[in-house]
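Can you build the whole structure from these sequences, using the hints too?
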Amino acid sequence: MSKNPVSRKEWADIRAESMQSFPDVLEPGGSAIDILLGYQKETYISIEEHPLTVISKSRRIGETWGIGSSAVLTSAAARGAGGMDTLYIGYNLDMAREFIDVCAMWAKAFNQAASDVEDFVFTDKDDKDGDKDIKAFRISFASGFEIIALSSRPRSLRGRQGLVIIDEAAFHDDLPELIKAAMALLIWGGKVVVVSTHDGEANAFNELCDDIRSERRPGKLVEITFDDALKDGLYQRICLVTGQEWSPEGEAQWRQDVIDFYGEDADEELFCIPSKGSGVFLPTMLIEARAAGVPVVSLELESEFTFWPEDKRISWIEDWCEENLKPLLDKLPKDLVHCFGQDFARVADLSVIWLINIQRNLVRYCPFLVEMRNVPFEAQKQILFYIVYGLPLFQSGAMDATGNGSYLAEVAAQQFGEERISQVKLSDAYYKENMPKFKRAFEEGMTTVPDNDDVVQDHKAIKKINGVPKVPRGDRTVSNGGKAAGKGKKKKRHGDSAIAHFLGYIATLMDVAPIEFLADNSSGEEVSSNSVFNHQTNDAMSLIPEDMLWEY
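Number 343 in this note's numbering belongs to position 340 of the sequence shown; there are no gaps in the numbering.
Misleading hints may appear alongside valid ones.
Listed next, with one range per pair, are the computed distances between beta-carbon atoms [stated by the list, open to error]:
#, residue 1, residue 2, range
1, Pro336, Leu289, 37 to 47 Å
2, Asn407, Asn95, 53 to 63 Å
3, Met186, Glu325, 24 to 34 Å
4, Asn327, Pro286, 27 to 37 Å
5, Glu210, Asn364, 20 to 30 Å
6, Gly192, Ser301, 51 to 61 Å
7, Leu365, Ser10, 14 to 24 Å
None of these hints come from the bench; they were simulated from the model. Beta carbons are placed, not taken as given, at the ideal position from N, Cα and C, and that holds for glycine.
Structure, rendered in structure tokens:
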């Protein structure tokens, strides 16, 4: 499988090592909550602390069983202790009955005074279609609260206050309407738990997960893969209940058997990766709606440039910066904060510096960007430093520190401060966590792009691969610029400006104050933040004209 490459032997070795410190199921004097496994405890704590908890989970891990403990403790408590009704909503009758039986078990384990399970008719009120009777199950507590488990999806929960649990949410007929009805309970101090395995990336449940990742909707997202559950002791618990003897080898075989059972669906069913994940992440219309007429400055060098004498290379780049960058830097608004992002490349792809100033209305505006092809490391460093020293109210930058990019990101952090330069190791986890925020900026009109077809194509290159928004490794587009200099080959792009834009946007979210003035320790005078960040010297910086260092 693409996301579970661990072999059976490797898993056995991992689990043998981790189990050396595995605790007893229930320590003497411990509470029944101690019986919960680590991921179940994480869910329990999240429900206690957050009005909205969304749980993206693997199948066959007993997560709903753990949620039942929270439901019982919530409904058994007095009102003054946070007690409230619990309303469980599954998508069929069997789920409802199973959940209520789990809650009955927990009520006995917690020694809570509760009635026997009873079935009754729950009336779902709806102004549009009229009242609808739904078969339900109920446990009543001495606290005066109850747990009700329903076999359908009430569209209106008027007059109720409590904990709403929507189980296997991705498989409900109209999840958005169900969530809307559930959220109304939050006004009166209720809580909502939405838990499910995935059913495709276009499903409303996956969109809800992305909403929380992008901070579009407040709430806590808990993700529990099959391997997360195993590491927390799922298979040990199964062995305990079934009377089997646990061993690392036995667990590894069981893990592989489960993965084999799900086959091609294992990524979605067990590893929280929505299927059908190869669609365009940013639609063309959305990208073009944010287009503005700003320059794209390009520099492409012949391979011979790399071996010119050093002084000639430095002088040539200085002249190029003076001619192409200084006029644009001079026009930047002196009263706005500036940030940048850089996607690094040396030979095959473009190295792009994406500039951003933060407007008064908080829009992240791109005044221009710089694209470099076949530009040597030191020349890229010289250009980057020239730009940053010319930015009014420089705040922060985020740089691709993956592979060869780590050199330039490191020297930039040394020059301008590691708190201002984020050295980003691009990974699936980083993309998954931060790309939804980037998309949100497009959707809400909070960012801009140059009205340049190559740049638009770069942004269209971002796709969801196995649930992760990124530029696919092998996907390349052909630039409208024609042939690469001297090689007769087509100029190819790999979403380079889009990643630079993404990093630039992330830089604007960094919690760093912009520099306006710094003290010059040699003279005691205050000087512009764009002149001297520290007193390190290098050949490239010695060539920046004095008026550029002191002008702002």
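Evaluated hints:
no. : hint                        : verdict
1   : Pro336 - Leu289: 37 to 47 Å : violated (27 Å)
2   : Asn407 - Asn95: 53 to 63 Å  : holds (54 Å)
3   : Met186 - Glu325: 24 to 34 Å : violated (57 Å)
4   : Asn327 - Pro286: 27 to 37 Å : holds (33 Å)
5   : Glu210 - Asn364: 20 to 30 Å : holds (27 Å)
6   : Gly192 - Ser301: 51 to 61 Å : holds (58 Å)
7   : Leu365 - Ser10: 14 to 24 Å  : violated (49 Å)
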